[in-house]
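Asker: The residues making up each chain are set out below.
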Amino acid sequence: MVFLAITFVVVAFSTLTKLQVENEKKKLKQYEENASVLSEKIISNDEVLKRIFLYRDISSSQYSAKDIFDYFSEIAIKNRGTVLSNFIFTSNTSVSFEGECSSLECVAKFWHLLASDRKVESVTLDSVSKKSLASSKSQENKQDNEQEEDVEEFSGASFEFRVTMTKDAFTKDDKESDDNIYNSED
Amino acid sequence: MEPESNIRKNIEAIDEKVKGTKLKIKDLVLPIIVAFVLIGIAVFAFIPMLRNALDLRGELKEIKKKQEQMISLKNAVDKVDEGIMQGDLTDVKSVIPRTLKVSSFLYYIDQLALEKNLSSEKISVGDVNVATPGGDDATAAKNESRYKGVNGPLAYSGSLEDVLSFLDSFYTSSPYIVSPENITLERGGEDKWEIELSLTGYYISEENNAKFNLYKPFKAYTDFSDIMEILREKALKLAGDTNQEF
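As you go down the protein sequences, you meet chains S and R in turn.
Residue numbering for the first sequence follows the numbering used here, beginning at 588 and increasing consecutively.
Residue numbering for the second sequence follows the numbering used here, beginning at 25 and increasing consecutively.
This is chain S alone, in the form it adopts within the complex:
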């Protein structure tokens, strides 16, 4: 009797489960047919989404080279005697520029200003050199010997900086006014 009861339970469970699965499969097929009717709409939605994702991917790395140029030009103007002449924009966080300064001290000051800027993460001075204007001889008469000395005049210094900016320093959402925090110092 126990064996019969167990047999009945097992067979009933198995059969009911099979029937349930068959029914649900039929329902699922119906749902799939209803959804297939919307395939054109889904494909069109995907087409729009692809372009939205493309725009999002591209715009995430976009930056305004003009804003970066203006920003560092402003710093250069504040650092009197500094003229920037060549910019290379590598990415939204990396820029190199060359320029000239009235003196090495001016270059050093400009370097300090860049290094302490809130939008600058790091700054590297790739090269610096004095620019020679002319050399002139001056003669000194001494009682017994004549001595000649060469005196060179320097017109300034040229430099090349490589700057790494903070992330999002110049993004589209950055609408802060670029208040120059530097005081001009003589």
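In short, the hints are calculated from the structure, not lab data.
Positions of the beta carbon are idealized from the N, C-alpha and C atoms, including for glycine.
Treat the hints with caution; some may be incorrect.
Stated by the list, open to error - Only pairs whose alpha carbons sit at most 25 Å apart, straight line, appear in this in silico BS3-like list of lysine-lysine:
id : chain 1 : residue 1 : chain 2 : residue 2
1  : R       : K90       : S       : K614
2  : R       : K89       : S       : K614
3  : R       : K85       : S       : K614
4  : S       : K628      : R       : K33
5  : S       : K696      : S       : K653
6  : S       : K706      : S       : K665
7  : R       : K90       : S       : K612
8  : S       : K637      : R       : K88
9  : R       : K90       : S       : K613
10 : S       : K616      : R       : K103
11 : R       : K172      : S       : K637
12 : S       : K637      : R       : K125
13 : R       : K33       : S       : K637
14 : R       : K88       : R       : K98
15 : S       : K653      : R       : K140
16 : S       : K653      : R       : K216
17 : S       : K616      : S       : K605
18 : R       : K172      : S       : K616
19 : R       : K98       : S       : K613
20 : R       : K240      : S       : K613
21 : S       : K605      : R       : K172
22 : S       : K653      : R       : K261
23 : S       : K613      : R       : K88
24 : S       : K616      : R       : K240
25 : R       : K216      : S       : K614
26 : R       : K98       : R       : K240
27 : S       : K612      : R       : K261
28 : R       : K43       : R       : K33
29 : R       : K103      : S       : K628
30 : R       : K33       : R       : K50
31 : R       : K125      : S       : K612
As the list claims (entries may be wrong) - Just so you have them, the derived chain R footprint on chain S, three or more residues with Cβ under 8 Å:
id : segment
32 : 593–599
33 : 617–629
The hints should help you fit chain R onto chain S, whose structure is shown.
Answerer: Chain R in isolation, oriented as in the chain S frame:
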């Protein structure tokens, strides 16, 4: 004497009865056979049936999950207005077309430079495949090119203001999705600046036999209304520029 014989007979009869009730091996044969049959039925019939039934229950769960997915897909798709979507699709396809003709792209750049009073030093473009760093992890991991583009080196010269305005227009008001790279800005004279850059204009080429998967998670494009607004503006600008062209 007679009672003794009777008792003896009784004892012998009882003894016989007792002997008759003793368990013999032949008495065990049938129960053992029956037990083996029942165990066999349990092992070879019941257990597989139960296992099959449990597998079917697992399958039932999966089917119900798919049914819910189909229902939510239908609800989500029904929320998207077909008419508005087709209009938006036309707009975004004009901004990021299936193919970006090199001639169209060149025309756009040249017109822009003319507008900004720049003189052309060099311009050439060609087709490229582009893998963007901003793509999803799976694509980046496979290092596949997701987007197509028209790319080429450009060089222009003009006043600083004009050159910067030219550069800024790619960032602020370009009708196409473009990405300027390797930008070099060099002072060439008193008020002459030279700009060199590599510019890429993007398009999405479409597969002719794109596989349609009902079970791919559905994301309505209307969830990105801010980006859609930008793309609509660019499409309007393109339409305006096209009208002027003709």
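Asker: If a hint holds in the structure, say so; if it does not, say that too.
Answerer: Do the hints match the structure? See the list:
1. R:K90 to S:K614: holds (10 Å)
2. R:K89 to S:K614: holds (12 Å)
3. R:K85 to S:K614: Holds, at about 13 Å.
4. S:K628 to R:K33: violated (103 Å)
5. S:K696 to S:K653: holds (24 Å)
6. S:K706 to S:K665: Holds - the C-alpha atoms of K665 (chain S) and K706 (chain S) are around 16 Å apart, at most 25 Å.
7. R:K90 to S:K612: holds (10 Å)
8. S:K637 to R:K88: It is violated: about 30 Å lies between the C-alpha atoms, which goes past 25 Å.
9. R:K90 to S:K613: Given pair K90 (chain R), K613 (chain S) holds - Cα atoms ~12 Å apart, limit 25 Å.
10. S:K616 to R:K103: holds (22 Å)
11. R:K172 to S:K637: holds (12 Å)
12. S:K637 to R:K125: It holds: about 19 Å lies between the C-alpha atoms, which stays within 25 Å.
13. R:K33 to S:K637: violated (107 Å)
14. R:K88 to R:K98: The given pair, whose Cα atoms are some 15 Å apart, holds under the 25 Å limit.
15. S:K653 to R:K140: Since the Cα atoms of K653 (chain S) and K140 (chain R) sit roughly 14 Å apart, the hinted pair holds (cutoff 25 Å).
16. S:K653 to R:K216: holds (16 Å)
17. S:K616 to S:K605: This hinted pair holds, its Cα atoms lying about 17 Å apart.
18. R:K172 to S:K616: violated (38 Å)
19. R:K98 to S:K613: Since the Cα atoms of K98 (chain R) and K613 (chain S) sit roughly 18 Å apart, the hinted pair holds (cutoff 25 Å).
20. R:K240 to S:K613: holds (21 Å)
21. S:K605 to R:K172: Answer violated: K605 (chain S) to K172 (chain R) is near 50 Å, above 25 Å.
22. S:K653 to R:K261: holds (22 Å)
23. S:K613 to R:K88: holds (11 Å)
24. S:K616 to R:K240: holds (17 Å)
25. R:K216 to S:K614: Measuring from Cα to Cα gives roughly 73 Å; hence the hint is violated.
26. R:K98 to R:K240: holds (13 Å)
27. S:K612 to R:K261: violated (51 Å)
28. R:K43 to R:K33: Holds, at roughly 15 Å.
29. R:K103 to S:K628: Holds - the C-alpha atoms of K628 (chain S) and K103 (chain R) are around 11 Å apart, at most 25 Å.
30. R:K33 to R:K50: violated (28 Å)
31. R:K125 to S:K612: violated (49 Å)
32. 593–599: holds (count 4)
33. 617–629: holds (count 9)
Figure legend: structure checked against the earlier numbered hints; hints not met, in rising order: 4, 8, 13, 18, 21, 25, 27, 30, 31.
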